[in-house]
Amino acid sequence: MTASALSITTRAAEGSAIASNALRRWESRLRPLLVPAALLTLWEVCARSGLADPRFLPTLEAVAKRGMREFAQGGLAADIAASLERDLLGFAAGGFVGVCLGLSLGFSRPLERALSPLLLAHRQIALFAWVPLISMWFGGGEGGKVAFIALAAFQPALINTWQGIAGIPAAYRELARALAFNGWDFAVVVALPGALPRIFAGVHAALIYSWTSTIGAELLLDIAPGVGGRMNEGQHLFRIDLLFLCVIILGVVGVAFNLVAGVLERRWLSRSQA
Amino acid sequence: MSRPNFVDNSGLSGRADRAARALPRAAARLASAAQGLAAPLVLLAGWDIGARLGWLPEQILPPPTEVLGALRETLQDGSLLSSTLTSLRRVAQGFFAGAVAGLAFGFAIGASPGTRALLTPLFLSLSHVPTLGWIPILILFVGIDESLKILVIGWAAFVPVALNAAQGVRDVPRAYLELGRVLSFSRWSRFQSIVLPSAVPSIFTGLREGLANSWQTLVAVELIASFEGLGYLMAYGRQLFQLELVLAAMIVIAVIGLTIHVLLGLIESHLQRWNPR
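As they're listed, the protein sequences go chains A and B.
Using the working numbering, the first residue of the first sequence is number 1, and each one after it goes up by one.
Using the working numbering, the first residue of the second sequence is number 1, and each one after it goes up by one.
The hints are simulated quantities; they were obtained by calculation from the structure and are not laboratory data.
Predicted model, so just to flag it, every value in this text is computed and none were measured.
Treat the hints loosely; a few may be bogus.
Said to hold, decoys possible - Listing some non-contacts, in silico: residues in chain A with all C-beta distances to chain B over 10 Å:
#	residue
1	S20
2	P36
3	R177
4	W184
5	G234
Unchecked claim - Partial selection, computed: residues in chain A whose CB lies under 7 Å from chain B:
#	residue
6	R31
7	V35
8	V63
9	L115
10	N182
11	I215
12	G216
13	L219
14	G251
15	G254
C-beta atoms are modelled at their ideal positions from N, C-alpha and C, and glycine is treated no differently.
Let the sequences and hints guide you as you build the complete structure.
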């Protein structure tokens, strides 16, 4: 066999290997879409063929049309903006207070001893059990909604920050003492960087809790502009296409929050560790 | 002669030492318990005095005695007990259904990479919709009867149970599985004696989270759509401006939450007693 023939066969083998690799890569990329695509097809077939009552199962086209119309009129965009605004407002307030209190509890033993039973008791009360009380205290309007969202964000931010500081290894504490660090140096050089991953995890959880409780507040308290308000409307007027659209929006926002939080978390943590 | 004596002595002194050390430790524990109780007691006293002096309007916070009165009254007429039992039954049914389905699904996607690749994206995208967001659609589909509550509470349990079970099954050390293959264990005994024990901590985390989620969701769904249960009792109290009823229900909810928390801790430490960790 000549050298050129050899090179041709290897090249051909390489080529087919590349092709099958590409095929496999495409396959693995498409596979996750397989089941959703099959379900959506089944949905569409059921809705169009009359197998399912179209009042309960709108065609995908109807959902898409509803979405286009809503967005073209600007109504739904304004609702999403209203939901996001109260969500972020409550998240910022509750998360900030939670992290601050968590830090104080982590650094001060007397404060921890004094407040921890109270906070543990508070933790046992299901979040939504606060809704009636909050609606009496802050009203069912914007104030009550934001207060409830803040309460939802407060809990995970507090617990994780607190445990993050409390979980600093004893060896580090001793080292800091041996190096005659004062409290401030210990906090800035040892405790905060050490607890940062946990604090971020708490803030991340607070973001997710806030979004859940935003929808809860909008469904439970006074009807106001917002995605939850539109869901109430869709339920009462039996607009199933609107409801499906809202569920899709809820999921997209949830995924977006998760992605943004994950990216920020990784970036900040890698910078702080560098 | 001297040796047993020496041992005996050290035993004695050790016991005395322990006793001597136990005393201050008990005192310290008492002191820390007192410190821990101080804040709640101060708060309670402030609440009581504030209510008595009329600083706290009844619409904001009724005095503790009235809350106790509401507790006693609803206990006597049986409404508190029946509400509590209704709520507990709903959580038990929903959680059980969701946990069983979640375990099965979690094992399936954890054990088989093919199934995982097929189903995980769909499952994850559905899990990103807040549980409460499904309620309006479900109300149109199934009405506001028990099935609504079971579905919503079940889904709230399903997500964390499935995620953690899948993770636990995925994380079974490969060497263990190979050992099972070498010993030619059957599929079932491989699952039962290798996969399951090694996944227990993770499964338990999922069950714990699932139960907490179920409980949270129960309160929400009862507030939104129900005519009995603790959530309904609260909504009812709120509508009549009977805040003491709302607070009484909150106390029951907190006590049940605490009980669940303690029970789960006990079961977990029992299940993991073989684990040296």
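Hint by hint, here is what the structure shows:
no.: 1; hint: S20; verdict: holds, 18 Å
no.: 2; hint: P36; verdict: violated, 5 Å
no.: 3; hint: R177; verdict: holds, 21 Å
no.: 4; hint: W184; verdict: holds, 25 Å
no.: 5; hint: G234; verdict: violated, 6 Å
no.: 6; hint: R31; verdict: holds, 5 Å
no.: 7; hint: V35; verdict: holds, 5 Å
no.: 8; hint: V63; verdict: violated, 12 Å
no.: 9; hint: L115; verdict: holds, 6 Å
no.: 10; hint: N182; verdict: violated, 25 Å
no.: 11; hint: I215; verdict: holds, 5 Å
no.: 12; hint: G216; verdict: holds, 5 Å
no.: 13; hint: L219; verdict: holds, 6 Å
no.: 14; hint: G251; verdict: holds, 4 Å
no.: 15; hint: G254; verdict: holds, 4 Å
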